[in-house]
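Chemist: Each chain is listed here by its residues.
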Amino acid sequence: MVKEIERAGIPVVHICTVTPISLTVGANRIVPAIAIPHPLGNPALTMEEEKRIRRKLLNTALKALSTEVEDQTVFEPEE
Amino acid sequence: MAQLRIVQYINQFFAQIGGEEMAHIKPELREGIVGPGLAFNQAFGDEAEIVAAVICGDSYFNENLETAKKEIVEMVKSQSPDLFIAGPAFNAGRYGVACGSICDAVKKELGIPALTGMYVENPGVDMFKESVYIVSTKNSAAGMRDAVKKMAPLALKLGRNEKIGASAQEGYIPNGIRVNFFEKERGSKRAVDMLLKKMAGKDFVTEFPMPDFDRVKPNPAVKNISKAKIALVTSGGIVPKGNPDHIESSSASKYGRYDIEGVMDLTADTYETAHGGYDPVYANEDADRVLPVDVMREFEKEGKIGSLFHYFYTTVGNGTAVKSAKKYAEEIAAELKKANIDAVILTST
Chain A
1 MVKEIERAGI PVVHICTVTP ISLTVGANRI VPAIAIPHPL GNPALTMEEE
51 KRIRRKLLNT ALKALSTEVE DQTVFEPEE
Chain B
1 MAQLRIVQYI NQFFAQIGGE EMAHIKPELR EGIVGPGLAF NQAFGDEAEI
51 VAAVICGDSY FNENLETAKK EIVEMVKSQS PDLFIAGPAF NAGRYGVACG
101 SICDAVKKEL GIPALTGMYV ENPGVDMFKE SVYIVSTKNS AAGMRDAVKK
151 MAPLALKLGR NEKIGASAQE GYIPNGIRVN FFEKERGSKR AVDMLLKKMA
201 GKDFVTEFPM PDFDRVKPNP AVKNISKAKI ALVTSGGIVP KGNPDHIESS
251 SASKYGRYDI EGVMDLTADT YETAHGGYDP VYANEDADRV LPVDVMREFE
301 KEGKIGSLFH YFYTTVGNGT AVKSAKKYAE EIAAELKKAN IDAVILTST
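Note that the protein sequences, when read in sequence, are chains A and B. Counted from 1, the first sequence has number 53 at position 53 by my numbering; the numbering is strictly sequential. Counted from 1, the second sequence has number 3 at position 3 by my numbering; the numbering is strictly sequential.
Please note: incorrect hints may appear among the correct ones.
Short, incomplete list of chain A residues facing chain B, as computed with Cβ under 8 Å [what the hints assert, rightly or not]: (1) H14; (2) C16; (3) R29; (4) A35; (5) I36.
Hints are computed from structural coordinates only; laboratory data are not their basis. Don't be surprised by glycine CBs; every beta carbon is placed ideally from N, CA and C.
Could you build all of it, start to finish, from the sequences and the hints given here?
Modeler: Following this line, the structure appears as structure tokens:
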């Protein structure tokens, strides 16, 4: 799906846990997520902490979308 | 000849420990035969025996790749087998990646031949077809009998260090290594047969498939993200509560488009997941964990992004054919283009 959206000319970032699959499938901008059943959350944390990591991941996603890439790139989440 | 000792890797589901709610379990070694081992053992007769099974949850393996590999390699080593079999995984994505990874690790670190089986669209195939033998199976566990029939003879050959023939003869997915063999019929006849089939519109198998390098070049970056109109898309199956369009929990035959105008937060009362390939508890509690509408709304308010598109698009990426996913995404992308969307955030489970 990522590839078809990219092919249509829209920059796309893939947030997913199993990044090797994303790389194999052919996503170009990738942000590694937390876990398979809750990629952008962590039920072990409080709601506030969860939201903080969700913000962190999405900030990284926005950064990925704003970054020129030549090739497949994994953007590690940072504050 | 002495009986070959075999260790088999299976997931929590085939070990009958549980479904997605047990996908987090750590590796465990069980002596004797578990689950699909029975059918394999029957096929082996006196020539080989499955001495132990290593069982691991699909999510645990994929979320803790390096640790899981290390733990499992140690367990396999403790049994000193002659051969290692993983799966078959059919079209289960995480299971396929686990089977491929662990076969690769056992082969490289213990020097033991390894074999697995998968459906050709399993993501594990493209990742590992060049490093391990992967027998081509059907796309669901209903194909177990067929898988055993193809895997068992190849397993015995590998275990005995016999010469392995070409993929077309042995039933494994082509691994890029050419093996010479004599065809029964000469080339001119095969070519004419193929041509006749093609002209009659029948299925035919080429003997020289073109390599498939389907890569898409990255689009230029978004110039000003704070002005960008961004859309959310997910393969994690998030839908309005009650799943109004009945998107299937696996092999989805459709995608959904839902309006989130004015929606600031996805709650347990309003949204849920239709996905049958991961434990739904966490997404049902708070669907923002998969489709982060709450934080995107905050970003919108803070001016970090221009706006969040008022539709989100969703399907279930669980055993869904690549062809279907491609078609859904083509349609979604066409709508997004029409709506002048600048960028997409796509989340997967």
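Chemist: Next, verify each hint and record whether it holds.
Modeler: Consistency of the hints with the structure:
Among the interface hints, the one on A/H14 holds; its C-beta lies about 5 Å from the nearest C-beta in chain B, closer than the 8 Å criterion. For A/C16, the interface hint holds, the least distance from its beta-carbon to any beta-carbon of chain B being 4 Å, beneath 8 Å. Given the 8 Å rule on beta carbons, the hint for A/R29 holds: about 7 Å separates it from the nearest Cβ of chain B. Taking 8 Å as the C-beta cut-off, the interface hint given for A/A35 holds, the closest approach to chain B being about 6 Å.
Satisfaction of the interface hint for A/I36 is found here, the shortest Cβ-Cβ separation to chain B being roughly 5 Å, below the 8 Å cut-off.
Comparing the model with each numbered hint stated earlier shows that all of them hold.
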